[in-house]
Amino acid sequence: MENKSFLEVKSICKSFGSLKAVNDVSMRIETGEILGLIGPNGSGKSTFINLITAMLKKDSGSVMLDGVDLSSMPAHKVPKNGLARTYQTVRLFKNLTCRENLIIGAIGVGISQKEANKIADELLEEMGLAEKADSFVENLTFSEQRFLEISRALACKPKFVLLDEPAAGLNEEETQHMLDLLKELPAKKHIGILIVDHDMHLIMTLCDKLHVLNYGQTIAEGKPEVVRANPEVVKAYLGSTAE
Amino acid sequence: MSLSIVIEFIINVLSMGSLYALIALGLVIVYGICKLINFAYGEYITAAAYLLVFCAGLSLPWWVAFVLAILGGALIGFLSELIAYRPFRGRSLDALLVTSFGISIILQRVFQVFISPRPKAVNLPAFMSATISLFGITTPLRNIIVIITTAVLLLVLLYIMQKTPLGIAMRAAAENFTTARLMGVNANLVISTAFIISGFLAGFVCLFWVARTGSVEPTLGASPLLIGFIAVVVGGMNSLPGAVVGGYLYALVANVLSLALPTSLLSYRDAIMFVIVICFLVLKPEGLIRGNYQEERVG
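Line order of the protein sequences matches chains A and B.
If you're matching positions, the first sequence starts at 1 in the numbering used here and goes up one per residue.
If you're matching positions, the second sequence starts at 1 in the numbering used here and goes up one per residue.
Honestly, the hints are just simulated from the structure, not real lab data.
Beta carbons: idealized from backbone N, C-alpha and C, even for Gly.
There could be a bad hint or two in this list.
The calculated label-pair distances, taken between Cβ atoms and stated as ranges, are [what the hints assert, rightly or not]:
#1 B:R89 to A:K188: 38 to 44 Å
#2 A:T141 to B:L71: 46 to 52 Å
#3 A:A133 to B:R89: 31 to 37 Å
#4 A:E131 to B:Y159: 21 to 27 Å
#5 B:R89 to A:Q113: 22 to 28 Å
#6 A:T141 to B:Y159: 27 to 33 Å
#7 A:E138 to B:V113: 50 to 56 Å
#8 A:Q176 to B:Y159: 41 to 47 Å
#9 B:P61 to A:P74: 46 to 52 Å
#10 A:D121 to B:V113: 54 to 60 Å
#11 B:S2 to A:D121: 52 to 58 Å
Computed far set for chain B versus chain A, every beta-carbon distance over 12 Å [said to hold, decoys possible]:
#12 I37
#13 R86
#14 F88
#15 V113
#16 A126
#17 T131
#18 L134
#19 S223
#20 F229
#21 S258
#22 S264
#23 D270
#24 I278
Below, simulated SDA-like cross-link-like pairs (lysine to any residue); rule was C-alpha separation at most 20 Å, straight line [what the hints assert, rightly or not]:
#25 A:K94 to B:Q162
#26 A:K57 to B:T178
#27 A:K114 to B:Q162
#28 A:K80 to B:T179
#29 A:K80 to B:N188
#30 A:K94 to B:I289
#31 A:K94 to B:L158
#32 A:K94 to B:T178
#33 A:K77 to A:G110
#34 B:K163 to A:A133
#35 B:K120 to B:V110
#36 A:K80 to B:R181
#37 A:K114 to B:P165
#38 A:K94 to B:L166
#39 A:K157 to A:G110
#40 B:K163 to A:F136
Can you make the complete structure from the sequences, with help from the hints?
Here you go:
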């Protein structure tokens, strides 16, 4: 049994002017877990994930990964310290081949060229993209690009992966494929996953735990079935007409 | 038209185009990554040329002088980035652009004040001005040398960009610097390398440029800079192959004009070249090869 890692967000805050976009949010994930972050539009999800990947500077709080504060380092050092991410809009390098995209992920965190080649080929094989290894990204279908971007995050050999709407734009079949893949990842790669998505079926089926944000604050957390029954959550998603 | 004219034409286009392609590459490799048109690039060429003069003054063997000039070009590329551009990185592109004018002017004045405002003769080895007979025509040997040198340099550059991790990182950074940086790509390393390659190419350019002019003066860099700029506009700002295509195309058009224009209009050749360039800017501002430029999506 390998050692478990912990990603712990402690009371993180961020304001834009007088708007408290993220207000005192804490959460914790460990290796092997999938945690779903949900909330209505404008609830602070995007700000929150930009804070924990240090793409935004926090006002206060911390993001500890095995004792190192990710939120106080420059964003480009975050992958090297164990947290890799994907983006809502796919941000692959279109003029690079699939393999080269993965190699960038690996060498970016200081893995040697030889090792990077090996990691890239293994991941392409696992993701079913082996025959597209030397194709340019623009020749991939959209869902293949999504899978490739996840592979690129994995090529960093991270301890945690943050997936920003990995199923956005995928059809039902592709979403199912994505679900099957993600389900296996934590055990296979010995990682923890933080996932943001609007597809409630995907989130409910996949996640071990949920964390719900609204107006920048945590309104519920816990197991999916518990969270789903929480009146606050229902209100946030369906509106407050019941009052 | 006799065969010898055709061969002469081809050799002229290829040799001129090779030199222009090298010039353009030196500009584009920096532009691709920093989105900076480096106006000091001309002075890299001038500085390398002055190194040739000094080496000749010290009676060093020609090949030592050549190597020093090329390495000197690379060094000045590296240093200008380190000293002048790096402090402004992350500021606006305008600030960088003005900085590049600043470096250009400072270097020109340094050459004027500390070396000489007058042209200095360069003693190049005899083979750089020798001629050879090939397929029934006589052409300067350096025309053949520049074609071969450029071919080798292009292959080396191609290998670096395609196969080495640094090259892959540079291509990623040229496409989207922000994302490459977020992947952990070392920004200083990538940018320094671009400037070093740029200066390295400037060193090669100076050898062949000086062989044509025979002398060095403080403003030597202006003409190659202009040529490089035109080649880049025509070929495409964002693409290394575009720069090469632009260089050869420039040479092709210039040679065709030289042949086709009546003697009375020949002095207008450059003016006609500029009209062509203006047409490009109006009709096809992205150049022949579009490259990979894309706006960063915000949000």
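Verification of the hints:
Range check, R89 of chain B to K188 of chain A: about 40 Å between beta-carbon atoms, so the 38 to 44 Å window is met. Between T141 of chain A and L71 of chain B, the C-beta spacing of about 48 Å keeps the proposed range 46 to 52 Å intact. Roughly 34 Å separates the CB atoms of A133 of chain A and R89 of chain B, a value that falls within the hinted 31 to 37 Å. Distance hint for E131 of chain A and Y159 of chain B: a CB-CB separation of about 25 Å, consistent with the stated range 21 to 27 Å.
The supplied range of 22 to 28 Å is met by R89 of chain B and Q113 of chain A, whose beta-carbon atoms lie about 27 Å from each other. Distance hint for T141 of chain A and Y159 of chain B: a CB-CB separation of about 31 Å, consistent with the stated range 27 to 33 Å. At about 52 Å, the CB distance of E138 of chain A to V113 of chain B agrees with the hint of 50 to 56 Å. The supplied range of 41 to 47 Å is met by Q176 of chain A and Y159 of chain B, whose beta-carbon atoms lie about 43 Å from each other.
The beta-carbon spacing between P61 of chain B and P74 of chain A, approximately 48 Å, falls within the hinted interval of 46 to 52 Å. For D121 of chain A and V113 of chain B, the hinted distance range of 54 to 60 Å is satisfied, since their beta carbons lie about 58 Å from each other. Under the hint 52 to 58 Å, the C-beta atoms of S2 of chain B and D121 of chain A, about 56 Å apart, fit the expected range. Interface exclusion of I37 of chain B from chain A stands, the closest Cβ pair being 21 Å apart, more than 12 Å.
In this structure R86 of chain B is separated from chain A by more than 12 Å, as the shortest Cβ-Cβ distance comes to about 16 Å. The Cβ of F88 of chain B sits about 18 Å from the closest Cβ of chain A, beyond the 12 Å cut-off, so the non-interface label holds. A cut-off of 12 Å between C-beta atoms confirms that V113 of chain B is not in contact with chain A; the least separation is 41 Å. Separation of A126 of chain B from chain A is adequate, the least Cβ-Cβ distance of about 44 Å exceeding the 12 Å criterion.
For T131 of chain B, the condition that its CB be more than 12 Å from all CB atoms of chain A holds, with the nearest at approximately 43 Å. Every C-beta of chain A lies more than 12 Å from that of L134 of chain B, the closest at about 39 Å, which supports listing it as non-interface. Taking the minimum C-beta to C-beta distance to chain A, about 32 Å, the non-interface status of S223 of chain B holds against the 12 Å cut. No Cβ of chain A comes within 12 Å of the Cβ of F229 of chain B; the nearest lies about 23 Å off, and the non-interface call holds.
No beta-carbon of chain A is positioned within 12 Å of the beta-carbon of S258 of chain B; the least distance is around 36 Å. Consistency note on S264 of chain B: stated as away from chain A, and its beta-carbon is indeed over 12 Å from all of that chain's, at 47 Å minimum. Every C-beta of chain A lies more than 12 Å from that of D270 of chain B, the closest at about 34 Å, which supports listing it as non-interface. The Cβ of I278 of chain B sits about 29 Å from the closest Cβ of chain A, beyond the 12 Å cut-off, so the non-interface label holds.
The straight-line distance between the Cα atoms of K94 of chain A and Q162 of chain B is roughly 15 Å, inside the 20 Å bound, and the hint therefore holds. About 16 Å separates the Cα atoms of K57 of chain A and T178 of chain B, which keeps this hinted pair within 20 Å; it holds. Between K114 of chain A and Q162 of chain B the CA atoms are separated by roughly 15 Å; this keeps the pair inside 20 Å, and the hint holds. The hinted pair formed by K80 of chain A and T179 of chain B meets the criterion: a straight-line CA distance of about 15 Å does not exceed 20 Å.
Of the pairs offered as hints, the one joining K80 of chain A and N188 of chain B holds, with about 17 Å between alpha carbons and a cut-off of 20 Å not exceeded. Restraint check for K94 of chain A and I289 of chain B: satisfied, since their Cα atoms lie roughly 15 Å apart, inside the 20 Å limit. Under the criterion of a C-alpha separation no larger than 20 Å, the hint pairing K94 of chain A with L158 of chain B is consistent with the structure, at around 18 Å. Of the pairs offered as hints, the one joining K94 of chain A and T178 of chain B holds, with about 14 Å between alpha carbons and a cut-off of 20 Å not exceeded.
Our distance criterion of 20 Å between C-alpha atoms is met by K77 of chain A and G110 of chain A, whose separation comes to about 11 Å. For the proposed pair K163 of chain B and A133 of chain A, the alpha carbon gap of about 15 Å is at most 20 Å, so the pair holds. At roughly 15 Å between alpha-carbon atoms, K120 of chain B and V110 of chain B fall within 20 Å of each other, so this suggested pair holds. At most 20 Å may separate the alpha-carbon atoms for a hinted pair to count; K80 of chain A and R181 of chain B meet this at roughly 12 Å.
Distance check on the hinted pair: K114 of chain A and P165 of chain B sit about 10 Å apart at the alpha-carbon level, within 20 Å; holds. This hinted pair checks out: K94 of chain A and L166 of chain B have alpha carbons roughly 18 Å apart, not beyond 20 Å. This hinted pair checks out: K157 of chain A and G110 of chain A have alpha carbons roughly 10 Å apart, not beyond 20 Å. A C-alpha spacing of about 15 Å is found between K163 of chain B and F136 of chain A, which places the hinted pair at or below 20 Å, so the restraint holds.
The structure is consistent with each of the numbered hints, conforming to all of them.
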